[in-house]
Amino acid sequence: MLMRRILAAFSVVALLIAAGHRAGAATSIRLVAAGAPQDSAAPTVTLPNRSDSLKFAVLGDFGTGDRPEYEVAAQMARLFARFKLELVVLVGDNLYGAERPQDFKRKFEVPYQPLLDAGVKFYAALGNHDARTQRDYKPFNMEGKLYYSFKAPKQRVRFFMLDSTYPVPVQIDWVEKELRDSSEDWKIAVFHHPLYSSGGRHGSDLKLRETLEPPFIRYNVSIVLTGHDHFYERIKPQHGIVHFVVGSGGRLAAGDIAKNSDITAKGFDTDQAFLVVEISGDEMYFNAISRAGQVVDSGMIRRRVPP
Amino acid sequence: MTYPTARSILSQLVVFGALTGACAPVARPGHPAEAQAVIAFEARVKEYLALHRKLESTLKKLPRRPTPEQVDRHQRALGDLIKSARRDAGRGEFFTPEMQTLVRRILGEVLSGPDGKTVKSSIMDENPGVPQLVLNERYPSSIPLSTMPPQVLAPLPKLPEELEYRFIGSRLILLDTHADIIVDFTNDIMPP
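Taken in order, these protein sequences are the chains called R and L.
Residue numbering for the first sequence follows the working numbering, beginning at 1 and increasing consecutively.
Residue numbering for the second sequence follows the working numbering, beginning at 1001 and increasing consecutively.
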């Protein structure tokens, strides 16, 4: 029995499953990460779980303080037991309704306490439900700024956190310059309103797309992470860029993804979900995980390279 | 923080227009009434900003990484100070009739363009409005902030970081983002 436990604890099961999860033109390899404390309720992620990779989660439209938010948060905590996230990026709508001090506790600090206690850093973008003063909230790591960029602690990755509810010209100038001057291999844009979405309620923000997409294309952004529509959707690559809508962290618009949308690569609108990502070299592996702990989308994306 | 003049706004709009493909100058060249409205608006904003900063400087400075309690206290205290200092303020101090005419004209041009419907739906998304707005009161916590499309923001006079334009329903408001209070608001200004 003891021997079996030891073996279980130390065995890193690298279960190679045939490629078949394509995201764009990228080939994909699916591995089951294991070797961590056994927890039957923990989601079985299909990610490499390499020691030197950057691991992060993406969460959006979550701050309700209601049960679904707590259940998604619990899945994230279970995942963390075997998959050590370094950070979580928040795509906005971090707190719905009142934003009194007690709301920050009930809608954020309590549900994500296991991750916060473990030192996982959260980086927020603001959504249309978020008060501007969230920029000063220490756990959101915005350093008082409505838009900012930061370099990931591992790999050559930079996140560009934008304020899509108030895209003043000075911000557009800033992001253009910031993208141009960035030397990281991976450029990931994060903001609330999706440039591409098959949502019936909101859908694609075409005017924002007109403004942001040209610099994203010009300066090799590989990934765009958004929310606002309350479901999970991975968009087919647009001009080589893969867009994710992850507005499913607490609120849910069940059945809102247009069935005949020709931009959907994968959609999930029947339960809450979050996205977990691993970047290793030129490859980005991802799993979308439902509130019930099921992997509802997975694949691998290669970063864009300058022409 | 320096404050832009109407001339500098125009020059910035040319740059932004090149980026966005949309260039709608804040005031039409050779239209003295509009230029005058912008100058008056800018002067009023400058005056407000001086008051805001003076009052905020009397409060204990927030630490670099404040707690929600500290932010909330600071915000409410600043709101009270501003409300008290502006107790005689009336509607339309910023959005004068001339300024409202200008805003209405700008919105009309943007919203009657080929993408006008899209721009308007972006503004009205999750923006049900409220029956009554009160000057110097806190922004209603029950409603989200309206999205301001870049095509609408670009032609409006630039604001300092402490102030923002937002819509509540069809009314344009001026929001003090540090105090979370409504500094001024228009009547229904959105074209049908």
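Be a bit skeptical, because a hint or two may be false.
Dumping the calculated EDC-like pairs for lysine to aspartate or glutamate here, alpha-carbon to alpha-carbon at most 16 Å [what the hints assert, rightly or not]:
(1) K1083/L to E1161/L
(2) K145/R to E1162/L
(3) K1083/L to E1056/L
(4) K138/R to D103/R
(5) K1046/L to E1161/L
(6) K151/R to D185/R
(7) K105/R to E1056/L
(8) K138/R to D1080/L
(9) K1158/L to E184/R
(10) K1083/L to E1137/L
(11) K1117/L to E210/R
(12) K1054/L to D1080/L
(13) K138/R to E1069/L
(14) K105/R to D1072/L
(15) K145/R to E1161/L
(16) K151/R to E184/R
Keep in mind that the hints were calculated from the coordinates and are not lab data.
**Prompt:** What hints, given by number in increasing order, does this structure fail?
**Reply:** The structure conflicts with hints 1, 7, 8, 9, although it agrees with all the remaining ones.
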